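A.B. asks: Order-wise, the sequence lines are chains W, Z and F. Numbering-wise (my numbering), the first sequence opens with residue 7 and increments by one. Numbering-wise (my numbering), the second sequence opens with residue 7 and increments by one. Numbering-wise (my numbering), the third sequence opens with residue 7 and increments by one.
No lab work stands behind these hints: they were computed from the structure. None of the values given here were measured: they were computed from a predicted structure. Warning: the hint list may mix true and false statements.
Claimed, not checked - Covered stretches of chain W, as calculated for chain F (at least 3 residues, CB under 8 angstroms):
| hint | segment |
| --- | --- |
| 1 | 11–23 |
| 2 | 27–35 |
| 3 | 132–141 |
As the list claims (entries may be wrong) - A short list of chain F residues far from chain W (calculated; beta carbon distances all over 12 angstroms):
| hint | residue |
| --- | --- |
| 4 | 21 |
| 5 | 61 |
| 6 | 62 |
| 7 | 68 |
| 8 | 71 |
| 9 | 78 |
| 10 | 108 |
| 11 | 110 |
Quick reminder that beta carbons are idealized off the backbone N, C-alpha and C, glycines included.
The residues making up each chain are set out below.
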Amino acid sequence: MRVLFEELVFATKRSEQIVDITGDVRAIVNRWGVSNGLLVLFSPHATASIVLNEAEPGLERDILNLFRLIAPSDEDYHHNRIDNNAHAHLRSVAFPPYVVIPVRDGKLLLGAWQRIMFVENDGPRARRAVIVQYVGE
Amino acid sequence: MRVLFEELVFATKRSEQIVDITGDVRAIVNRWGVSNGLLVLFSPHATASIVLNEAEPGLERDILNLFRLIAPSDEDYHHNRIDNNAHAHLRSVAFPPYVVIPVRDGKLLLGAWQRIMFVENDGPRARRAVIVQYVGE
Amino acid sequence: MRVLFEELVFATKRSEQIVDITGDVRAIVNRWGVSNGLLVLFSPHATASIVLNEAEPGLERDILNLFRLIAPSDEDYHHNRIDNNAHAHLRSVAFPPYVVIPVRDGKLLLGAWQRIMFVENDGPRARRAVIVQYVGE
């Protein structure tokens, strides 16, 4: 059994931003040379999300609009009496900060249109952004 | 350690449809004869969802209505300038295409009212729909 | 390889309630004395949710308000012709009843502001509430 860890560290540039991490994640998995198991991508942040979907620029705008619809930034939230980022927390609740992906023969079993997208809900900021973990053979 | 894979392949018949896959998944797990571990159900599609809930016909209609509320099909989405299924992508973002279920002594630890439901958001279509993966003893 | 199970059993006191289970989960993981692997927290209920976020009282109110916004309790749901808790089922669909957390050197890799919150959507009731599972070395 192998349990492996790596970390993606990067800075976001806008208050709301999608970062496609698929290439970085694939590079790590290839370097590890793993076979069959599970990949967990986990962001240790209460204001981030990770989603799987198509990296088409129009759709990325639609995805950010969906996040805004679920938790608008200009609501009168209770949390904002002590902070100013309740909307970002709520987006991380509605769109959780992790995904799980099967790995077979060293390949992520993503579909043709599935990319791994980190979503910044409270940027810009430097992030120890995503833990990449493998559990398998 | 055992890491096992199987695939559910089926066609959906409507644009929006819930398919209860609990029986198929249990049959695979029983055939494998596994003991303690994790089951991952993962749909490699950017317009599908998998949810756990009660398979009561009225509730299934309520669930599809919730999906429509989160991402109505008749909005003016950016993605629809190059395609016509942005709502289906957004539903797969809001209701992700995978679930994780513990397995103990060869049994899925689902509650009495939890069924595994594949949700088609962009049908009808033939789908290499769900990857069933076991990681465990 | 080790696959370990434990169960959190508790009663909720209100119809809607957040229960911070982080301390209980950490105590179990410490008692197990595990090293590197995955933790799955899974509630075998079709009306419960588990989320990761900050346990700030104002934010907890905002989170419950978000749940109410997604599925208000006073809608005219189909499921309520045979029951009265469709809103609780729908909240468990929108906010799923499980989370996955990496474990390294026996520590949960949660961020500083991430707590593990069980959300009761259909209380008060006694719950065999959360299965705690470890899969790893």
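A.B. asks: All hints, please: hold or fail.
C.D. replies: Here is what the structure says about each hint:
1. 11–23: Coverage by chain F is violated for the segment 11–23 of chain W (1 residues, Cβ < 8 angstroms).
2. 27–35: Since three or more residues must qualify, the claim that chain F covers the segment 27–35 of chain W is violated, with 0 doing so at under 8 angstroms.
3. 132–141: With 3 residues in contact (Cβ-Cβ under 8 angstroms with chain F), the coverage given for the segment 132–141 of chain W holds.
4. 21: Its Cβ never comes within 12 angstroms of chain W, the nearest being 19 angstroms, so this holds.
5. 61: Violated, because the least Cβ-Cβ distance between residue 61 (chain F) and chain W comes to about 10 angstroms, which does not exceed 12 angstroms.
6. 62: Violated, because the least Cβ-Cβ distance between residue 62 (chain F) and chain W comes to about 6 angstroms, which does not exceed 12 angstroms.
7. 68: Residue 68 (chain F) is in fact no farther than 12 angstroms from some Cβ atom of chain W, at 5 angstroms.
8. 71: Violated, since 8 angstroms does not exceed 12 angstroms.
9. 78: At roughly 15 angstroms from the nearest Cβ of chain W, residue 78 (chain F) sits farther out than 12 angstroms, so the non-interface label holds.
10. 108: Given that some Cβ of chain W is not farther than 12 angstroms from that of residue 108 (chain F), nearest at about 4 angstroms, it is violated.
11. 110: 6 angstroms, violated
Comparing the model with each numbered hint stated earlier shows that hints 1, 2, 5, 6, 7, 8, 10 and 11 do not hold.
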